[in-house]
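Residue numbers (the working numbering), protein chains in the order written: chain A, 1 to 394; chain B, 1 to 472.
Do not rely on the hints blindly, as some may be mistaken.
To be clear about the criterion: a stretch of chain A counts as covered by chain B if any three or more of its residues have a C-beta under 8 Å from a C-beta of chain B, and this derived list gives those stretches [claimed, not checked]:
id, segment
1, 61-71
2, 162-169
3, 189-202
4, 289-296
5, 316-323
6, 356-362
Derived lysine-lysine pairs resembling DSS-like cross-links, with alpha carbons at most 27 Å apart [unchecked claim]:
id, chain 1, residue 1, chain 2, residue 2
7, A, 346, A, 184
8, A, 321, A, 306
9, B, 221, A, 165
10, A, 197, A, 154
11, A, 165, A, 147
12, B, 439, B, 410
13, A, 186, A, 321
14, B, 470, A, 298
15, A, 303, B, 470
16, A, 306, B, 387
17, B, 120, A, 294
18, B, 311, A, 254
19, B, 367, B, 452
20, B, 321, B, 373
21, B, 356, A, 298
22, A, 174, B, 54
23, A, 154, A, 186
24, A, 186, A, 197
25, A, 254, B, 80
26, B, 299, B, 289
27, A, 306, A, 332
28, B, 109, B, 221
29, B, 54, A, 165
30, A, 147, A, 314
31, B, 387, B, 311
32, B, 419, B, 470
33, B, 311, B, 299
34, A, 147, A, 212
35, A, 303, A, 212
36, A, 165, B, 18
37, A, 306, A, 254
38, A, 294, B, 289
39, A, 282, B, 464
40, A, 294, B, 373
Keep in mind the hints are simulated off the structure, nothing from the lab.
Fair warning: this is a prediction, and the values are worked out from it, not measured in the lab.
C-beta: ideal position from N, C-alpha, C; glycine also.
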Amino acid sequence: MKYYTTIINEKGNIAVDDTILVKDVDATAGSYMLEGFKPLFSAEAVTRLENSGYTLSGKATVGEFGLDLVGEFSHYGEEAKELFGASAALVAKGEVEGALGVDVNGSPRRAAALAGVDFLKPTYGTVSRYGIISTAASGEQLGVYAKDAEGVAKLMTVIAGHDSKDGTSLSAEKYEYSVNEDIKGKKVCIIKQLLDKADDGVKTAVNAYAEKLKANGVTVEEVSEDIFDGANVAWQILMSAESCNNISRYDGVKYGHRSENYRNIDELYVNSRTEGFNFLTKAVILYGSDVLSKNRYKTCYDKSLKVRRLVKNKLDELMSKYDAILTPACSKTAYESYGIDGAFQKVYEESVFTAVPNLIGIPALVSGGVQLMGDHFSESLLLSMAHSAEKEGK
Amino acid sequence: MNYEIVIGLETHVELNTKSKIFCSCGGHSEAKEPNDCVCPACSGMPGMLPVMNKRVVELAVTAGLMLNCEISRYTTFDKKNYYYPDLPCAYQITQLNHPICTNGVVQVKTSAGTRDIRIKQIHMEEDAGKLVHSGRFSYVDFNRTSVPLIEIVTQPDFRSAEEVVVYLTKLKSMFRSGGISECEEGAMRCDVNISVRPQGSEEFGVRTEIKNMASFEAIEKAINYESQRHMDALEYETEELVQETRRFDDASGKTFAMRNKETEADYRYFPDANLMPIIIDDEWLEQIKANKPVAIDDKAVEYREAGISEKEIDMLLSDFKLGKLLDDIVALGCNAKDGATWILTDYAGVLRKDGKTVEEHNIAPEKLAAIIKMVASGEINRGAGKKILIAVVESEVDPVAYCNEQGFNKKFDASTVEKVIDEVINSNAQAVASFKSGKEKAFQALFGACMKELKGSGEPALIKSLLEEKLK
């Protein structure tokens with residue numbers, strides 16, 4: 001597998017997903033439509049890491065615009081389809097201490113689960129989105145991969161905090177992340193409906209994880225909650241619509257691939273985009289255009305905004321009874337290759353495990369192959385639970 | 001049959017801010033080269049995020065207050081999707097669902113009387129860039145991209161081109177006086193929605209929209225042409241009217257249908273998640289209100305109370321710079337009614353002689369005030385004041401120094417004046433004789449000769465009475 005689209009420093013200790021900008025280093029977001037784009041600025045998170053003494057190893061291969069399952073459908077990584085994402089693999093192999101990834105559709109979480117490393121998608125607004133190649137602004141967050149919860153907490157403390165260059169950035173100057181919060185007596189629920197969607201291997205892993213938490217004094221209960229399917233549909237609609245809009249600027253005029261075959265501006269747009277994007281991106285664009293069209297806006301897009309509020313209320317209710325939610329991060333313990341033609345459907349099916357944190361901005365931590373979700377700003381609690389479980393495993 | 005013209009207006013006004021709406025690029029109007037005033041954010045580069053310019057909100061609210069609008073306390077931005085090379089992100093950030101101002105009203109006074117024009121809404125948005133076509137290629141200039149605009153949308157309340165022009169003149173004057181916009185050439189652009197219906201009918205006729213006109217003259221011509229086209233179609237069935245977008249061609253004075261695709265476009269508006277909703281709380285609103293300049297209609301009342309004539313009020317309010325000049329000289333201690341006459345009669349006259357329009361003036365208010373005050377205090381006479389004014393306009397002299405230099409304010413006691421008059425009578429025997437034989441004109445010649453001897457600084461009334469006495 002080709003891990004890097006561009007290597008920056010072979011001795012570097014942080015990999016950066018290619019959806020995140022590093023000044024003067026090609027940023028492709030895995031797309032032919034951005035080939036040759038050299039950003040003039042680094043992402044805020046990158047700048048903060050560099051200012052704290054970290055060095056960048058390179059730009060890790062991602063699936064086109066990070067919209068696929070684990071980063072497999074990249075214009076630059078297609079020669080070797082290894083079974084999990086590049087950044088997660090680099091962390092798992094110990095080649096880097098950590099990595100930055102953009103979580104818009106759960107792919108970093110899924111990749112981390114398959115590779116056996118940790119990834120935290122933090123609370124929306126805690127990490128600046130300045131300098132990430134945006135797809136779905138209302139739910140995407142920059143997060144951190146590391147080999148364990150302690151590693152995640154350390155990097156998160158460096159990158160999180162207010163940034164005036166991002167209008168959605170929250171006002172707190174700094175956040176401290178810890179793995180040492182007291183978890184004894186905390187309550188965790190397992191969502192029955194999500195567990196049922198996973199195969200036996202995953203079920204075993206979730207139950208084993210529950211046992212580790214219990215050994216640390218955490219109560220774990222199974223509950224029934226059926227909002228996740230609806231939440232997934234809502235997020236796919238919002239995510240596709242926003243992505244379609246943000247990807248519109250890659251039109252063959254300013255960046256990347258431009259078709260040689262055109263007679264007027266409309267043909268330039270259509271032919272460049274037809275040739276340049278992969279099938280999954282095109283599916284997202286078409287789906288996103290459709291749900292924003294006059295005929296469907298009310299029943300699809302607007303409805304999804306209402307569902308988002310409903311899901312928020314349901315989760316608030318759940319979080320008033322539990323401190324965290326334990327779920328699978330994907331349906332299988334090993335990634336299965338599938339054809340690009342089925343990618344859109346597959347992404348939709350798998351996203352049921354990951355969509356809620358993107359939809360309503362809550363944090364989600366993947367660790368030990370499973371996922372913990374919590375209320376806004378509960379990162380340290382999730383990290384502390386993962387830290388205890390990680391110690392159990394050793 | 002008699003027809004009634006129904007017009008609604010969408011007016012785009014470029015706001016007078018130091019920087020663009022979502023980034024810190026400034027000074028696009030002074031940019032010399034294409035793409036001089038561009039950054040990664042306003043050129044839509046990946047990874048860049050819009051950050052709201054608060055000043056835009058304040059100016060939009062000020063405009064809303066001037067147009068008697070309701071100010072939204074919660075306002076949001078939406079994205080409007082369309083592809084065009086001058087639009088770097090392939091979407092424009094604008095407001096659809098929660099515009100900043102709604103439900104205003106503005107009065108227009110025309111020969112047909114005074115009528116209310118309802119304002120439907122005012123929303124904030126970003127401008128697009130422009131294309132420069134040359135040979136086989138087209139070039140993109142992003143200097144204007146993301147320059148802040150407000151769009152003022154009226155209800156279909158206009159009934160004539162005259163009303164439209166009066167409304168636009170009023171907007172222009174208001175926005176310039178309020179520091180909202182310079183309203184320079186191209187900084188105020190209009191889309192005109194027009195339909196025609198039989199007089200007395202309640203139903204609207206088929207509506208066409210004429211896009212993107214910048215001059216009032218063109219707007220007036222376009223409305224006249226288009227309404228006539230509609231009336232002909234209804235009266236003589238010359239053609240079937242269809243709802244469409246048209247453009248006005250200045251050279252031929254006609255409107256032409258743009259390609260039909262334009263009207264059917266689905267812009268797929270949706271909320272912009274990069275910009276948080278803006279909350280305008282009481283404190284902020286009060287602060288904006290406190291800084292708001294006096295509304296134009298209030299200004300009219302103020303002028304009326306100062307005794308300025310209706311005709312002069314209209315002139316002062318239709319050109320913000322004239323109104324401001326008056327306000328400035330009043331602040332410097334001049335009488336308002338007197339000042340208005342000086343500006344609109346004397347000063348305007350001097351400019352006209354120079355082949356300039358009043359809009360081109362640039363006199364320092366301090367200089368004009370100094371002249372008016374010298375006249376008002378009786379230090380010099382009005383004629384001398386006017387001479388000083390000419391010198392100030394032509395060579396920017398200091399009025400007081402010029403006055404001293406010319407001796408306009410030299411005081412003559414009665415005996416000196418008498419002496420001068422005696423001399424004039426003695427040396428103009430012929431004129432004296434013809435006056436005595438009943439030729440009134442001769443008196444003027446003698447009077448003029450006295451004034452000349454006194455270098456224009458004598459008190460005309462005194463000279464006149466003394467001269468009359470001596471000639472008896």
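Flag every earlier hint the structure violates by its number, smallest first.
1, 3, 5, 6, 7, 9, 10, 11, 12, 14, 15, 16, 18, 21, 27, 30, 35, 37, 38, 39 and 40
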